[in-house]
Amino acid sequence: MSGNGNGIQRPDFAAIAEWVRPGSRVLDLGCGDGTLLKYLKQQRGTTGYGIEIDDTSILACVRNGVNVIQGDLERGLSGFEDSSFDYVILSQTLQAMKNSERIIKEMLRVGLEGIVTFPNFGYWKNRLQIARGHMPVSDNLPYEWFNTPNVHLCTIADFERFCRERRIRIVERKVLTRGKPVSALPNLLGALAVYHFGS
Amino acid sequence: MRQILEPGDSAGAPGFFIFMGMDENKHTGRSVGIVTPQVARFTEPITLKCGAVIDDYELVFETYGTLNSDRSNAVLVCHALNASHHVAGIYADDPENIGWWDNMIGPGKPVDTNRFFVIGVNNLGGCHGSTGPKSINSRTGKPWGARFPVVTVEDWVKSQTRLADRLGIRQFAAVMGGSLGAMQSLQWTISYPERLRHALVIACTPSLSAQNIAFNEIARQAIITDPDFHGGDYYEHGATPKRGLRVARMVGHVTYLSDDEMANKFGRQLKHGRFNYSFDTEFQIESYLRYQADKFAEYFDANTYLRITKVLDYFDPAFEHGGDLTRALAPARANFLVISFTTDWRFSPERSREIVTALLDNRRDVTYAEIDAPHGHDAFLLDDERYHRLVAAYFDRIGKEIGA
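These protein sequence lines are chains A and B, in that order.
Everything in the first sequence is counted per numbering that gives the first Met the number 0, starting at 0 for the first residue and increasing by one.
Everything in the second sequence is counted per numbering that gives the first Met the number 0, starting at 0 for the first residue and increasing by one.
Calculated from the structure, these hints are not laboratory results.
Note that the coordinates shown come from a computational prediction; the quantities given were computed from them, not determined experimentally.
This list has only true hints and no planted wrong ones.
With a cut-off of at most 30 angstroms between alpha-carbon atoms, the simulated DSSO-like pairs for lysine-lysine come out as follows:
(1) B/399 / A/40
(2) B/157 / B/141
(3) B/48 / B/157
(4) A/37 / B/399
(5) A/37 / A/97
(6) A/179 / A/37
Using the sequences and the hints given, assemble the complete structure.
Quick look at the structure:
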């Protein structure tokens, strides 16, 4: 899960940081090079760890001065105690998980609250590309159908139904397009969804 | 020549003894060059975990780099089973004798001796110059032999603090080691939490498994049943239980390598290209094992080997806490870098993850990496770019933290 990319500040980071209470404990799943954790440490004085599978990202985390545990999210969070973090974050990784449902459950076991960000598949540009007969390729979905790690893409409407059916309480939602908040018709006009949820 | 450091001596500039070598290493870093062991003599008795008391003893050690003015850049390197204080560099009179972790420690290497003051020490009970079974017991005037007590990781760490005191080091920037060396760095964080900032715990386990102990017991039995062992007092018989030591080394050596590594290195290669239907060495692996065993039996003391296998067997910080490793590690204050190797079947990644889990439960700062290396347990000693880069990055962080 090197979902956080190459260290460039992502729009969802600021959105996440606004929700995170100062001094809280954070677990960042698929933390990439640790940019988000470093950002939260600087902006919010958080402590915590990242989980990452990729060797290069582990090295980048050490260089970024954040704690990282090498491991495979697909195997769950068995090394972590119940309710041991204030927030468990899954940033742009949900869509690449084989077992999306289990990881959301694990997030709510280990953390008091969860924060998840994902590309909204219902974004009009994606719909348009499909209407033209092709799988969408965009800034948020930069892969072709044959090389994409994304196996569980969903729309804002899908995610909210998923939460509703599992009695997961959505605390807050932010929808962004090119880093700017979207208020009207989010499932159509929003490129990136950021959710804050609890059990 | 050994430099003797008497009690009360101040090692104001221990790096004084080090001469920077000019020979280019194959890595980006260079060798520390020619190094000279020193000896610290201790006259304050040390009480060991088993209850025995050693009245006076010596620890032989080497240092590389320079201790900075606030004495904050010291790194202690703890050795594993058969290694010694000779961690890096070479000896003027023995240029072939390269330190056992020379690829890790030196100018520009992952543990950069331009920034850090690195100490290697031969542990109590060892056979490389520190007081051990083959040393003369001052009470009897004869070699300790069988009467040398069974030491533990805790005892070693305790004796290492005395060396740190002697060198004027209140707090180590880091204590590091692989395998049994890692057990010592872990024990430091429990026994002397305020005396180190970082612990590097590489290819470690929180306790030996039954299988690990079984291998050690085979090694011990090989030595003890050798007719030349004489109950451990072979020195006075002018004998050495070499046959036992050879078998012990062979067993140990097999456990340090992975199946794949042995297959790659030796496979079923034959020395003479055909079966001879004899018990001479036929397969290359046999030849290799015999060669390693002969080499080892020449220089290693059997009594030391016996004791070191017991040191390993007894290590179990959770034991005194009802098996709860989290409680055992509760006193720790250090930040941790824990590294395991995927093909290490002796101390597998699962065992390192137990340590990591206990540290997470204690909310310690910890980074854990699982290096996908083919070499088995011995990987911690070998060149692996991902592994070395990680250690280098971690030490860079430590250096920045302490301004080194």
